[in-house]
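Same order as they appear, the protein sequences are chains A and H.
The first sequence stops at residue 89 when you use the working numbering, and every number in between is there.
The second sequence stops at residue 119 when you use the working numbering, and every number in between is there.
Fair warning: there could be bad hints in the mix.
[Said to hold, decoys possible] Restricting the straight-line Cα-Cα distance to at most 30 Å, the calculated cross-link-like pairs of lysine-lysine (DSSO-like) are:
{"hint": "1", "chain 1": "A", "residue 1": "34", "chain 2": "H", "residue 2": "85"}
{"hint": "2", "chain 1": "A", "residue 1": "3", "chain 2": "H", "residue 2": "3"}
{"hint": "3", "chain 1": "H", "residue 1": "86", "chain 2": "A", "residue 2": "3"}
{"hint": "4", "chain 1": "H", "residue 1": "3", "chain 2": "H", "residue 2": "65"}
{"hint": "5", "chain 1": "A", "residue 1": "3", "chain 2": "A", "residue 2": "34"}
{"hint": "6", "chain 1": "H", "residue 1": "93", "chain 2": "H", "residue 2": "3"}
{"hint": "7", "chain 1": "H", "residue 1": "64", "chain 2": "H", "residue 2": "93"}
{"hint": "8", "chain 1": "H", "residue 1": "3", "chain 2": "A", "residue 2": "66"}
{"hint": "9", "chain 1": "A", "residue 1": "3", "chain 2": "H", "residue 2": "64"}
{"hint": "10", "chain 1": "H", "residue 1": "65", "chain 2": "A", "residue 2": "3"}
[Said to hold, decoys possible] Some chain A residues well away from chain H (every beta-carbon gap over 12 Å; in silico):
{"hint": "11", "residue": "13"}
{"hint": "12", "residue": "29"}
{"hint": "13", "residue": "70"}
[Unchecked claim] Computed beta-carbon distance windows for the label pairs:
{"hint": "14", "chain 1": "H", "residue 1": "32", "chain 2": "A", "residue 2": "42", "range": "38 to 44 Å"}
{"hint": "15", "chain 1": "A", "residue 1": "50", "chain 2": "H", "residue 2": "53", "range": "28 to 34 Å"}
{"hint": "16", "chain 1": "H", "residue 1": "13", "chain 2": "A", "residue 2": "50", "range": "38 to 44 Å"}
{"hint": "17", "chain 1": "H", "residue 1": "69", "chain 2": "A", "residue 2": "26", "range": "32 to 38 Å"}
{"hint": "18", "chain 1": "A", "residue 1": "14", "chain 2": "H", "residue 2": "13", "range": "46 to 52 Å"}
{"hint": "19", "chain 1": "A", "residue 1": "40", "chain 2": "H", "residue 2": "96", "range": "31 to 37 Å"}
{"hint": "20", "chain 1": "H", "residue 1": "3", "chain 2": "A", "residue 2": "48", "range": "27 to 33 Å"}
{"hint": "21", "chain 1": "A", "residue 1": "10", "chain 2": "H", "residue 2": "16", "range": "53 to 59 Å"}
{"hint": "22", "chain 1": "H", "residue 1": "96", "chain 2": "A", "residue 2": "30", "range": "32 to 38 Å"}
{"hint": "23", "chain 1": "A", "residue 1": "50", "chain 2": "H", "residue 2": "1", "range": "41 to 47 Å"}
{"hint": "24", "chain 1": "H", "residue 1": "3", "chain 2": "A", "residue 2": "66", "range": "16 to 22 Å"}
Simulated from the structure, these hints should not be mistaken for laboratory data.
Quick caveat: nothing in here was measured; it's all calculated off a predicted structure.
Backbone N, C-alpha and C define an ideal beta-carbon position, used for all residues, glycine too.
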Amino acid sequence: MEKVVHAPADIQPDGVCDGGNLDCGSGLLLLIRKAVNEVPPGGVLEIRSTEISVREDLPAWCRMTKNPYLSELAKVFGKMIHERLINSA
Amino acid sequence: MAKLLISITNAKNDTDRATVGCVVANASVASGVETVVFLSTEGVRLSQEGYADDIHEEGFAPLKKLLTDFVDAGGNIWVCSPCFKKRGLDENKLVPGATIVGGAKAVEFLSTGGSSMTY
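Can you make the complete structure from the sequences, with help from the hints?
The following block contains the structure:
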C-alpha cells in the first residue's frame with residue numbers, strides 16, 4: 001500500500017483537475033496528462049477525485065512519468081480526495 | 001529482486017484456476033520473489049471476506065488458507081477497481097492484505113521488470 005504523505009497546507013496549486021469518479025484506466029490519466037501539461041514546469045497540480053483506487057494509482061503514475069507526487073492533502077471534503085503533484089516538464 | 005504478478009481472473013466460476021493461481025503465488029512469495037496477486041474480472045470476488053470460505057479444490061489447500069498464507073508471507077493483493085465496482089462489491093469487506101487499485105499500479109509493476117502469469 002502506498003504511504004500517505006502530507007505536504008504543507010499552504011502550498012498553492014497552479015492548476016486543478018477534477019477527476020470525478022473516474023479510475024485511471026477509464027480516462028482519468030488522460031485528463032491528468034492534459035492538465036499537467038497546462039501547468040508551468042515546477043508548478044503544482046491539484047487532483048480531485050472520489051475514486052478510491054487513485055490513492056494507489058496516482059503515486060505509481062507519478063513515478064512512471066517523473067512528475068513528483070507531492071502529497072495527499074489532509075483536507076477531505078465529503079468523499080472528495082485532493083491530491084497534488086508537481087509538473088516536472 | 002525478481003517481481004511476479006499473478007493475475008487471477010476466476011472465482012467460483014472456475015475454482016480450479018482460482019486455486020492454482022493462489023498456489024503459484026505462494027510458491028513465488030516463498031521463493032523470495034516480490035509477488036502480487038492481481039484480482040480482475042470475476043477474480044475480484046475473492047477479495048471479499050467470507051466469499052472464499054467454501055472453496056476447497058480436491059488435492060489443494062483451501063483457497064482461504066492459501067490467500068491468508070500468501071499475505072502473511074508478505075504478498076500483496078491488488079483488486080481491479082472497475083471490475084470491483086461493476087459487481088457492486090463492498091470496499092469495507094476486503095480480506096486482509098487487499099488493496100483496490102486501477103491500471104497504473106499494474107502497469108508500473110510490469111514495466112519496471114515484473115513478469116506475469118494469468119489464471
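Structure-based check of each hint:
1. 34(A) <-> 85(H): With a Cα-Cα distance of about 26 Å, the restraint between residue 34(A) and residue 85(H) holds, given a limit of 30 Å.
2. 3(A) <-> 3(H): Status holds; Cα separation ~20 Å.
3. 86(H) <-> 3(A): holds (27 Å)
4. 3(H) <-> 65(H): holds (23 Å)
5. 3(A) <-> 34(A): holds (26 Å)
6. 93(H) <-> 3(H): holds (28 Å)
7. 64(H) <-> 93(H): holds (14 Å)
8. 3(H) <-> 66(A): Given pair residue 3(H), residue 66(A) holds - Cα atoms ~21 Å apart, limit 30 Å.
9. 3(A) <-> 64(H): Within the cut-off at roughly 27 Å; holds.
10. 65(H) <-> 3(A): With Cα atoms ~28 Å apart, residue 65(H) and residue 3(A) stay inside 30 Å; holds.
11. 13: holds (21 Å)
12. 29: At about 7 Å from chain H, residue 29(A) fails to clear the 12 Å cut-off, so the statement is violated.
13. 70: holds (17 Å)
14. 32(H) <-> 42(A): 38 to 44 Å: holds (40 Å)
15. 50(A) <-> 53(H): 28 to 34 Å: Cβ of residue 50(A) to Cβ of residue 53(H): about 31 Å, so the range 28 to 34 Å holds.
16. 13(H) <-> 50(A): 38 to 44 Å: This hint is violated: roughly 30 Å between Cβ atoms.
17. 69(H) <-> 26(A): 32 to 38 Å: holds (33 Å)
18. 14(A) <-> 13(H): 46 to 52 Å: Given a distance of about 48 Å, which is inside 46 to 52 Å, the answer is holds.
19. 40(A) <-> 96(H): 31 to 37 Å: Given range 31 to 37 Å: violated, Cβ gap about 43 Å.
20. 3(H) <-> 48(A): 27 to 33 Å: For residue 3(H) and residue 48(A) the Cβ distance comes to about 32 Å; the hint holds.
21. 10(A) <-> 16(H): 53 to 59 Å: This hint holds: roughly 56 Å between Cβ atoms.
22. 96(H) <-> 30(A): 32 to 38 Å: Because 34 Å falls inside the window, the suggested range holds.
23. 50(A) <-> 1(H): 41 to 47 Å: violated (35 Å)
24. 3(H) <-> 66(A): 16 to 22 Å: For residue 66(A) against residue 3(H), whose Cβ atoms are near 20 Å apart, the range 16 to 22 Å holds.
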